[in-house]
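Number of protein chains: 2
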Amino acid sequence: MKKINVKKKEILQRTGDLRGKAYFVESGLLRSYTIDEKGKEHIFMFGPEGWIVADYASADEPCDLYIDALEDSVVIQAEKDGEIEPDLKKFVKRMRVLQKRVIMFMSASAIERYEFFVSTYPNVTQRVPQHMVASYLGITPEALSAAKSQRLKSGK
Amino acid sequence: MKKINVKKKEILQRTGDLRGKAYFVESGLLRSYTIDEKGKEHIFMFGPEGWIVADYASADEPCDLYIDALEDSVVIQAEKDGEIEPDLKKFVKRMRVLQKRVIMFMSASAIERYEFFVSTYPNVTQRVPQHMVASYLGITPEALSAAKSQRLKSGK
DNA sequence: TCCATTTCTTAATATACATTAATGCATAGG
DNA sequence: CCTATGCATTAATGTATATTAAGAAATGGA
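The listed protein sequences derive, respectively, from chains A and B.
When we follow the numbering used here, the leftmost residue of the first sequence carries the number 225, and every step to the right adds one.
When we follow the numbering used here, the leftmost residue of the second sequence carries the number 225, and every step to the right adds one.
Among these hints, one or two may not hold up.
Heads up, the list lumps identical chains together, so a pair's fine if it works in one copy or across two of them.
Below 25 Å or equal to it, Euclidean Cα-Cα: the simulated BS3-like pairs (lysine-lysine) are [as the list claims (entries may be wrong)]: (1) Lys324 x Lys262; (2) Lys262 x Lys233; (3) Lys264 x Lys232; (4) Lys313 x Lys324; (5) Lys304 x Lys231; (6) Lys314 x Lys304; (7) Lys304 x Lys232; (8) Lys226 x Lys304; (9) Lys227 x Lys314; (10) Lys324 x Lys372; (11) Lys233 x Lys314.
Note that these hints are calculated values from the structure, not bench results.
Turn these sequences into a full structure, and let the hints steer you where they fit.
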């Protein structure tokens, strides 16, 4: 368990890595993501201050996700087994975020997804480019842009 | 912690219930799902033998999900806090299933989603109607039917 | 057994989002 | 300060999936 400084764009973990760590974000912003066969990135989660970013492979399995830094960050790196987050309650909370996200994907339109993102990450909205938000939501940047200008016209 | 017999179609938990329980499935088949504003069901997970079905609300928050039985089942009902699943490893495994599902929703076509379902639930495929599989995958029954007959023609 | 209901499939049409492309703006780094 | 790069937006076109509708097969309850 050690504190490390991470520069923007630095990669902390790659798909296929063994013994993936868990990262507690003290300051800055991480993200985790996959790259599909077509080379397209899909952002799995953002990790602003106070969040934990980790792949959910067991400690002895290869990771599914890349993890990198979107801003210069200070993070605490820990072994997955125990050092961090021995707390079931925290696990339950993270499960719930995932549960809501799955339900969102099953039923929500582009603009509803965007609103979900804003409520999940109120402090991240202004810190990441919109194409990354789109990636997180599973839509294209063009569709997100269209949905937002659509919403502006009709009321709000 | 007690063992209960559940009849097909019996509802174990409703959206908004407090003190939701966790259900370990000894035999039979449960499912959890939401109902959206339009009255449409979205299946969150299936629970065949050996699986645990629960909402990820904390013990003191209202539940998001309905849980009911798709077959006559025998289940062990437990308090969420501790009685069942004190095991971090099991949590990690379930997280990983959710992680894969989220990634699936971000990038997979109808037929790829179907293949994901078959590999996640090899023993469930023949036991649930196809419209429930479609609901789990976030597509319509018509789209699933079309995707499958598409696949049959082209090769397999 | 019989009838009502559920389930699956197919087809026609509609629609949300993807793709492609072009433009202008902002930004970072030399 | 300049320039290359990244970013956001808009528009035209394409496509996968949704919607609607109908009919046939399977299922289950009385």
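Hint check results:
1. Lys324 x Lys262: between (27 Å within a copy, 18 Å between copies)
2. Lys262 x Lys233: Within one copy only: 22 Å inside a chain, 43 Å across chains, cut-off 25 Å.
3. Lys264 x Lys232: within (20 Å within a copy, 43 Å between copies)
4. Lys313 x Lys324: Both. Shortest intra-copy (17 Å) and inter-copy (22 Å) distances satisfy the 25 Å Cα cut-off.
5. Lys304 x Lys231: within (22 Å within a copy, 41 Å between copies)
6. Lys314 x Lys304: both (14 Å within a copy, 14 Å between copies)
7. Lys304 x Lys232: For Lys304 and Lys232, only the intra-copy Cα distance (23 Å) is at most 25 Å; the inter-copy one is 40 Å.
8. Lys226 x Lys304: This pair counts as within: shortest intra-copy Cα distance 13 Å, inter-copy 33 Å.
9. Lys227 x Lys314: within (21 Å within a copy, 28 Å between copies)
10. Lys324 x Lys372: Classified as within; 22 Å inside a copy, 28 Å across copies.
11. Lys233 x Lys314: neither (28 Å within a copy, 33 Å between copies)
When the structure is compared with the earlier hints, a violation turns up for hint 11 alone.
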